[in-house]
Amino acid sequence: MKMRNMRKLLCILLAILMTLSVAACGAAPAAPSASPSASSESAAASETATPEATPATPEPAAEPVTLSVLSLPSNTSGLINNWWAAIVKAKCNVELELQPAGDQGEQKLQALMASGELPDIVVFKNKKQVEDAVKAEMLLNLDDNISKIPNVVKNAGIAMQYYRDSASNGTGKAFAVPNGVGPGEVGEELNWGPFLRWDLYKQLGMPKVATLEDYLPLLKKMQDLEPKNKDGQKVYALQLWGDWDSTQMHQATQPSVLAGIDAGDQFGGALPFLQVNLGTGETKSVLAPDSEYIRALKFYYQANQMGLVDPDSLTQRFDAALAKVDQGRVLFGWWPWFTGGFNKPENTEAEPFKGFRPVLTEDYKAFWWGENTVGSSWAYGIGAATKNADAALKFMDFMYSTDGLMEMMNGPKGLTWDVNDKGEPFVTDAGWDIIDNQKELPGGGKLGDGGSVMNSAGLSSATINPEFGQPLGGGFWASSQGRNPTKLMKDWQDTTGFKSTTAMLKSTNSFTITPLAMKLVPTITDDMQALTGQIGDVVKTTSWLMVFAKNEAEFDKLYKDMVAKAEGLGIQQVLDWDTAAWKEAQALSAKYAK
Amino acid sequence: MKKRRNPSETMFQLLNYAVFALFTLACVFPFYYIFINTISDNHLVKTGKILLLPSGIQFSNYLQVFQLRGLGNAAFISVARTVLGTLFTLVGSCFLGYTLSKGEMWQRKFWYRFVIITMYFNAGLIPWYVTMKNLGLTNNFWAYVLPGIVSPFFLILFKTYVESIPASLEESAQLDGAGYMVRFVRIVLPLATPIIATIAVFASVGQWNSFLDTVFLMRQSKFFTLQYVLYQYLNEVNAVAATLRNSPTAQHLDPSKLLSPASIRMTISMVVVLPILFVYPFFQRFFVKGIMIGAVKG
Amino acid sequence: MLQSDARQHGIQRRTGIVKQFVGMRPGTKLFLLSAPFLLLVFIFSYLPLYGWIYAFFEYRAGLKIFETKFIGFKYFLSLVNNPVTASEIVRVLRNTFVMSFLGILTSWMPVAFAIFLSEMRSKKIRGIIQTLSTLPNFISWILVYSVVWSMFSVGDGFLNRLLLTLNLVDTEINFLASTEHVWLTMLGYQIWKGLGWSAIMYLAAITSIDQEQYEAATVDGAGRFRCIWHITVPGLMPTYFVLLLLSIANFINNGMEQYFVFQNPMNKAFIEVLDLYVYNKGMIGNNIPYATVVSMLKSIVSIVLLFTANKMSKSVRGESIL
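Protein sequence lines correspond, in order, to chains F, A and X. Mapping of the first sequence onto the working numbering: position 323 corresponds to residue 323, and the numbering continues sequentially without gaps. Just remember that the working numbering sits 1000 ahead of the position in the second sequence, which is counted from 1. Just remember that the working numbering sits 2000 ahead of the position in the third sequence, which is counted from 1.
Calculated from the structure, these hints are not laboratory results. Every residue, glycine too, gets a C-beta built ideally from N, C-alpha and C. Hints may contain errors.
Estimated spans, in silico, between C-beta atoms of each pair [as the list claims (entries may be wrong)]:
hint	chain 1	residue 1	chain 2	residue 2	range
1	A	GLN1064	F	ASN169	43 to 49 Å
2	X	LEU2077	F	PRO522	26 to 32 Å
3	F	THR211	X	ILE2053	55 to 61 Å
Calculated cross-link-like contacts (lysine to aspartate or glutamate; reagent style EDC-like; alpha-carbon spacing at most 20 Å) [as the list claims (entries may be wrong)]:
hint	chain 1	residue 1	chain 2	residue 2
4	X	LYS2069	F	GLU351
5	X	LYS2069	F	GLU131
6	F	LYS550	X	GLU2058
7	F	LYS234	X	GLU2212
8	F	LYS108	A	GLU1236
Residues from chain A shown here face chain X by an in silico Cβ test under 10 Å; the list is partial [as the list claims (entries may be wrong)]:
hint	residue
9	SER1040
10	ASP1041
11	GLY1136
12	ARG1186
13	VAL1205
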């Protein structure tokens, strides 16, 4: 397309409009040229302001470089101005200007790529985007600048190699580096349950739960014990919601985690419709009659038959379900942050206390994230067209440095945290005050507003900082553990004899460490993606109908319909692709192990 | 209308008022419901207790929104694009609607169709963006204004209206030697105030409400609009839930944020709609039946 | 009709104009006056159409189009080449047609709304109603859903609580998950949301009707309804028919926001219109060729419908609108 002339054309056009004297629009003709000149000005200013040259060059050197950033995970935009921005400015002489993206990030990225230019820094949300950008030659070759990013090389070397091998369009060079490199984040408490109302469970004499289905009679008894909340609203043990479904019913992909099995969702949809046992590596179709997904549908179906499922489930959204937890109208949840709304002091510190704690099955094998040398599917890249390559590299390196990330995650050193005589980091009193009371930091913004700017970090927060021998994230420091237990927590500790859930699980070896292969699944092809969307639409809709089937016969009929339709659309092709992809990933995992 | 005082007239008026009152009530209640939910105690709102009357009145939802960074500038940009965008649309669409209503225009039928069918085109996001970028309309305020100058829909409304004005009015001016521009400004525009007001209402609401052009075309916060800032705020809240959904083990998220999307959405909705409600009645005085034609003819 | 009138006037007055603009025909002059605006239309609406070429290539953003693989009509065929997909498309088109048809069937309502509103005697009340009836137009569909949900949901819904207290039902009813009357319910929400707003154009159009006609008719003894039927309604017809024609062209474009927020597994079979179906397949976001194919087909169908409807209008009413 010959679009170069368009600007001229527009100017002429506006001139004609003017002569028509139809509007007093004196400013219009000047406008189109305003933006390019403004940007070239800033570019010219920043070219002279490379950080290396800082002490030598005269006046413009002190001027910080403004980097234009497109971060798909981020939810903020504009010139960043808070306590963390001040740290970045001080350390890298860089200011960050985030481009608007909102929930349109994917489209915005495509639009920018189609126009032939990416901003200085891009945070991609999946590997396919990186592959496309590399193919279009829009990313800076990091290997040409490898001396400028020592921290990336030191802390994320394997991840970089993985991208050299698989996201370089065959060149073997690194064009992007994945985020979240490092150990899995397992703290004192699991981020996965299930969580039940501990007070009711104790009242019932703590019956044993051998396996998933045993929750049903237990929940029935609990619901009979507490049929209404204190406001007189009806209590239902289970809440479901549909707005989180992608290609399967999201809630029905959760129960399999108990057994350390992925029922098609934990990979983030990387292996659609494939059930993977993360302990043994075995696979099968999620639609097989004995799959964990169908078992989960049956579980919810039976729960519904027993009157344990809120009838609103079909029509409510996630926020409605969450609000019900808050009101004490729910007895069961898969995650601590879901049930956390009820675990507030007015319940956990009451006499008698109320609240949610994990009640686990005897065959419990839920997974913990393992050491992740290749990082998450998110990645940093630098636009090839950047005029501020040195500043961008410096900032990128900062995002992979242990010092930089400790301040991003925990706030400015000396204010919110510090190091004691023994060389151990600890959260200061001022720090706890800021955390507990959600206070603003000097320089603006709350503690979480640092990390949420890019909304991604080069290293995982459980990465050990060799300087202190402790993880980066303050939540994992020895000094932060076991602070101020609630009545509920103390009771749980007294009853079980363990200090924390993870301590309990470690003692019985009841967990599955996720294999690295999980992160090495190759990018899905366009055709498979298209097919997955079509099949997924059938699967998720029918799944819901199965859960709310009137009787066993209807359940079975719907199941047969679903399988027939999925097969008609070609689910076998997807499964074949999955199986091959999973084998490939398993074969690769030795290569990228630590 | 002439005043007619007879029983059937009274009956008619009563019935008419009653039906409209019912419908208006149905229109107002949901709005009222949203409003009282934004000013009531958030805890009561969550328990679904606010139905007819507000309770535990507070304004923290609004305060939270009004504390958003850059809101003042964003409001200015929004007003600027609404005013300028509407003016330009009126000039472009009405003038082109006028010329296309003239039978003597060269290839009139072709050009009319040329404009109208663009209503059904959708080239897609990417070619649109590339075109805008090549025109220099990224990170540029005029990107809000220029693309909307000719709107086929408004053009149709204006053209249809103009064609219903008795041709004799223009004829007399033409006989006096007035050209097209003069006739358009002196005769057609004054007669067309009701439809101009209508188009102004439609165009300004469209300008006021749009935010996707900001998402794609703008880079610097000085061009952000009010709608965009609010959209981003809502998005930030929604994103917490989305992150949890995608990686259920995510640490360091503030689950308290999870509880607010509905009330934030309601508050934003109020902040956006209230200005429209205050401006709209101003346009309504142009909707008075029949006075214009009478005045010109008299 | 109007056209030929105007053309005659043009010819009649040729001499007068020639005096002012020597040698320039009025048609040319009008065209020159319009040209800048037509150019704008070309730039902003026609230029981006080059993107339709993506439909035929395995295009990904950032690549040069002719370096990507030519795939011809692959994505066009993918809409119908599988029996399961084909039967889905039939169902989806049924929903689309029903919703559009219902929309067209009720398109007279804003006209009636405007007529009766303008018959109202009190100017003040008229203004208030005019403002308040547009309110629903400004409430986004997702908020409409939260309001509707709080009225009709099972646990706390206003209606269920009322029915229970009045002992009209024994168990709560999940109205929103009902499979019955889905189309009518959706239509109801649409009318509620759009009626007051769409009536604005007709309120404006009513003002263009010559007041003298009413006076003359009243003198002749015509009552209110005869005045409405013989003066107001014909006066509104040009606007109505143009808008009707435009909505016929939009037959396959229902939009998806409303259907998206109201869909659930129970009503999905009835509620899934074309736009929503394409969205639910999850392909619009990432797959540029597919998205292009869909929007291209929709544009073409719309334009064909527009001209067909225009032809029909010409043969039925003896008047074409385009």
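- request: Could you say whether the range 43 to 49 Å given as a hint is met by the Cβ separation of GLN1064(A) and ASN169(F)?
  value: 46 Å, holds
- prompt: LYS2069(X) and GLU131(F): Cα distance at most 20 Å?
  reply: 17 Å, holds
- prompt: Between LYS108(F) and GLU1236(A), is the straight-line Cα distance small enough, at 20 Å or below?
  reply: 17 Å, holds
field: Evaluation of the interface hint that places SER1040(A) against chain X, nearest CB under 10 Å
entry: 13 Å, violated
task: Return the status of the interface hint for VAL1205(A): holds when the least beta-carbon distance to chain X is below 10 Å, violated otherwise.
output: At about 8 Å, which falls below the 10 Å cut-off, the nearest Cβ of chain X leaves the hint on VAL1205(A) intact, so it holds.
- request: Note whether the CB distance of LEU2077(X) and PRO522(F) lies within 26 to 32 Å or breaks it.
  value: At roughly 27 Å between Cβ atoms, PRO522(F) and LEU2077(X) fall inside 26 to 32 Å, so the hint holds.
message: Min Cβ distance, ASP1041(A) to chain X: is it shorter than 10 Å?
response: 16 Å, violated
message: Checking one constraint from the list: CA of LYS2069(X) to CA of GLU351(F), max 20 Å. Satisfied?
response: Violated. LYS2069(X) to GLU351(F) sits at ~70 Å, over the 20 Å cutoff.
message: Hint validation: ARG1186(A) versus chain X, beta carbon distance must be below 10 Å. Holds or violated?
response: 16 Å, violated
query: Does the alpha-carbon distance linking LYS550(F) and GLU2058(X) stay inside the 20 Å limit?
result: The given pair, whose Cα atoms are some 46 Å apart, is violated under the 20 Å limit.
Per-residue hint verdict: GLY1136(A), partner chain X, C-beta under 10 Å: Violated. Min distance 12 Å.
field: Verdict for THR211(F), ILE2053(X) (Cβ pair) under range 55 to 61 Å
entry: 57 Å, holds
When the structure is compared with the earlier hints, violations turn up for hints 4, 6, 7, 9, 10, 11, 12 and for no others.
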